[in-house]
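Q: Below, each chain spelled out in residue letters.
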Amino acid sequence: MMKGLRSLYYREMRIWSRTYWMIVLSLSTPILYILLFGLAMTGLIQGIDYQGKEIDYLLFLLPGMIAMGIHGCGMNACWTLFMDRQMGTLEQILSSPVTRSAYGFGKILSVVTQSFIQVFLILVVGLPLVGKEISIANLPLLLFSAFLGGVCFCSFYMILASIIKTNDLLSTISTLIMMPMMFCSSMFYPLDMIPSTLRYLAYANPMTYIANTLRAGLIGSLSKQVSIELLVLCAFSIALFSASVLSLRRIRI
Amino acid sequence: MRKNSHRVPAIECVNLTKKFGDLTAVDHISFEVKEGEIFGLLGPNGAGKTTTIRMLTTVLPPTEGTAIIAGHDVVKESDRVREKIGVILQLPALDWFLSVYDNFDIYGRIQGVPKKERKERIDYLIKEFGLEEKEKTKIELLSGGLERRVQVARAFIPEHEVLFLDEPTLGLDPQSRLKVWDLVREHSKDGETIVITTHNMDEADALCDRIGIIDQGKIIALDSPKALKDRLGGGDIIKIDVEGDSKYIEQEISKLDRVRNLGGLALQVENADQILPDLTQFIGSKGGKIKNISVRKPTLEDVFIKLTGREIR
Numbered sequence: 001m002m003k004g005l006r007s008l009y010y011r012e013m014r015i016w017s018r019t020y021w022m023i024v025l026s027l028s029t030p031i032l033y034i035l036l037f038g039l040a041m042t043g044l045i046q047g048i049d050y051q052g053k054e055i056d057y058l059l060f061l062l063p064g065m066i067a068m069g070i071h072g073c074g075m076n077a078c079w080t081l082f083m084d085r086q087m088g089t090l091e092q093i094l095s096s097p098v099t100r101s102a103y104g105f106g107k108i109l110s111v112v113t114q115s116f117i118q119v120f121l122i123l124v125v126g127l128p129l130v131g132k133e134i135s136i137a138n139l140p141l142l143l144f145s146a147f148l149g150g151v152c153f154c155s156f157y158m159i160l161a162s163i164i165k166t167n168d169l170l171s172t173i174s175t176l177i178m179m180p181m182m183f184c185s186s187m188f189y190p191l192d193m194i195p196s197t198l199r200y201l202a203y204a205n206p207m208t209y210i211a212n213t214l215r216a217g218l219i220g221s222l223s224k225q226v227s228i229e230l231l232v233l234c235a236f237s238i239a240l241f242s243a244s245v246l247s248l249r250r251i252r253i
Numbered sequence: 254m255r256k257n258s259h260r261v262p263a264i265e266c267v268n269l270t271k272k273f274g275d276l277t278a279v280d281h282i283s284f285e286v287k288e289g290e291i292f293g294l295l296g297p298n299g300a301g302k303t304t305t306i307r308m309l310t311t312v313l314p315p316t317e318g319t320a321i322i323a324g325h326d327v328v329k330e331s332d333r334v335r336e337k338i339g340v341i342l343q344l345p346a347l348d349w350f351l352s353v354y355d356n357f358d359i360y361g362r363i364q365g366v367p368k369k370e371r372k373e374r375i376d377y378l379i380k381e382f383g384l385e386e387k388e389k390t391k392i393e394l395l396s397g398g399l400e401r402r403v404q405v406a407r408a409f410i411p412e413h414e415v416l417f418l419d420e421p422t423l424g425l426d427p428q429s430r431l432k433v434w435d436l437v438r439e440h441s442k443d444g445e446t447i448v449i450t451t452h453n454m455d456e457a458d459a460l461c462d463r464i465g466i467i468d469q470g471k472i473i474a475l476d477s478p479k480a481l482k483d484r485l486g487g488g489d490i491i492k493i494d495v496e497g498d499s500k501y502i503e504q505e506i507s508k509l510d511r512v513r514n515l516g517g518l519a520l521q522v523e524n525a526d527q528i529l530p531d532l533t534q535f536i537g538s539k540g541g542k543i544k545n546i547s548v549r550k551p552t553l554e555d556v557f558i559k560l561t562g563r564e565i566r
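Residue numbers (my numbering), protein chains in the order written: chain P, 1 to 253; chain E, 254 to 566.
Some hints here could point you the wrong way.
To be verified - The list that follows gives simulated cross-link-like pairs (lysine-lysine, DSSO-like), each with its CA atoms no further than 30 Å apart:
no., chain 1, residue 1, chain 2, residue 2
1, E, 329, P, 3
2, E, 389, P, 3
3, E, 369, E, 337
To be verified - Residues of chain E placed beyond 12 Å of chain P at every Cβ, according to the derived structure:
no., residue
4, 378
5, 428
6, 440
7, 507
Treat the hints as calculated values from the structure; they're not laboratory data.
If you're wondering where the values come from, they're calculated on a predicted model, not measured in any experiment.
Each residue gets a CB set at the ideal place from its N, CA and C atoms; glycine is no exception.
Excised from the complex, chain P in its bound form (with noise of 0.2 Å):
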């Protein structure tokens, strides 16, 4: 089933480093939110409460902005996918002996990868910014939903990349679905600030269990409720990844 993974995730990730100046740029989205829109807004927000505790502004927009970066990697599948499509590399890929769900798998293990190297980015610009250390021991939560975030973001974004064919459309309405991926969500913001529709979506979106988990790895503890979040996320990973492997089997070129 997995025929040619390894070759696909090589090929991915050949293209990824060949494009090295899109790890920065796709890194400078979440740095200037800190910069810009976070210290903007401490002046707002004295202090925000989180598991009991009164943190910074700041602090508490780091795993948010974290969960952004991994955004932008799914999102590249997107624009990956709608290019091999255009190319003909899709076809090609297609008519040689690696499958389908192989070629779906490669651009996933890609992205979670892009995620990691993400994560570290950001921690290692963004941790002197708003003064925190971290140890060791916050690594494997903040790594684990890494990597789910990073399936689900791929997940969606190639099941969008699949069904529509055109570069404006494509282009329209994943700028449109990212509006309330944000905003609807606790990336910039705790839910309990939020009017309760808001809420109520905010729910519906993954991006607020990837930034709760994160934000649990990075500045809380694995509480009831974060493990049940984190439960959430894994069912989201599991549905949105079916679906795209459902979605490249019937993808036509």
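Guided by the hints, dock chain E onto chain P, whose structure is given.
A: Chain E only, in chain P's frame:
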């Protein structure tokens, strides 16, 4: 090498059909290709050549009918089929930001060619196609012709049982075109079956053992190039261009005994030298002004015109 002892056909299509909504792109075509044969699908753009290739390479499921490649059904055993085939597409299908060498290498990996063999084949092909100096250049910096050369050359890294080439020499310089023809012949000698689509008559004539002429989704003739041309009955073809509307002249000429109009004033005659003076005089007497006359042996183009009443492009 892989010559099969029990002579199963390499490709066997029965009533293969593809519909897109109301449009029937491929309409109940049936043909067989023997192992080691070079088979051509010849037809104008939009005739259904690429759709046929897509069904045979398992990328597109047929609406109706079956196709067996190297003993495996393209729908039920598509995984097995893909292990046996190679394809050169019309689209570039290259990785833009990667070097020429990387594109060769990744193709070889995806095709499952082991490392040592892969490297040897790549070095050989890069040299054969004169790409040594471009080895490290990114594809995005290559000219269209060079891109095409990379794409075609890399298809020869693995050995396939059946190789599909969709308009392989489109956009290639004459030298590379001959190179491709040589490689195709060489691989066919080794027992590889080759299917080529083309709208280039000369290519089909020079390369193919047998040709299926395809028009509007149907195969309208299937034979060796020689047999197809022999259907016209030999002799010479005189092609005449007249000024203005040729309809009237065509009508008048159709009344002549020794001349057969294949369509569009491509006239088949027994002996051009003998008839030409009379013919020009005749056209003049009917008020036709001749712009150009050419005399040649019958080609596949004439076969196509004869069959469809149209020129191929």
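Q: Now, for every hint given, state plainly whether the structure supports it.
A: Right, here's what the structure says about each hint:
Between the alpha carbons of residue 329 of chain E and residue 3 of chain P the distance comes to roughly 18 Å, so the proposed pair stays at or under 30 Å and holds. Distance hint between residue 389 of chain E and residue 3 of chain P is fulfilled; the C-alpha atoms sit about 29 Å from each other, no more than 30 Å. For the hint linking residue 369 of chain E to residue 337 of chain E, the alpha-carbon distance of about 20 Å falls within 30 Å, and the restraint holds. The beta carbon of residue 378 of chain E sits about 17 Å from the closest Cβ of chain P, which is more than 12 Å, so the claim that it is off the interface holds.
With a cut of 12 Å on Cβ distances, residue 428 of chain E stays outside the contact zone with chain P, its closest approach being about 24 Å. Under the 12 Å C-beta cut-off, the non-interface status given to residue 440 of chain E relative to chain P holds; the minimum distance is some 18 Å. With a minimum CB-CB distance of about 46 Å to chain P, residue 507 of chain E clears the 12 Å threshold, and the non-interface call stands.
Every hint from the earlier list agrees with this structure, and none is contradicted.
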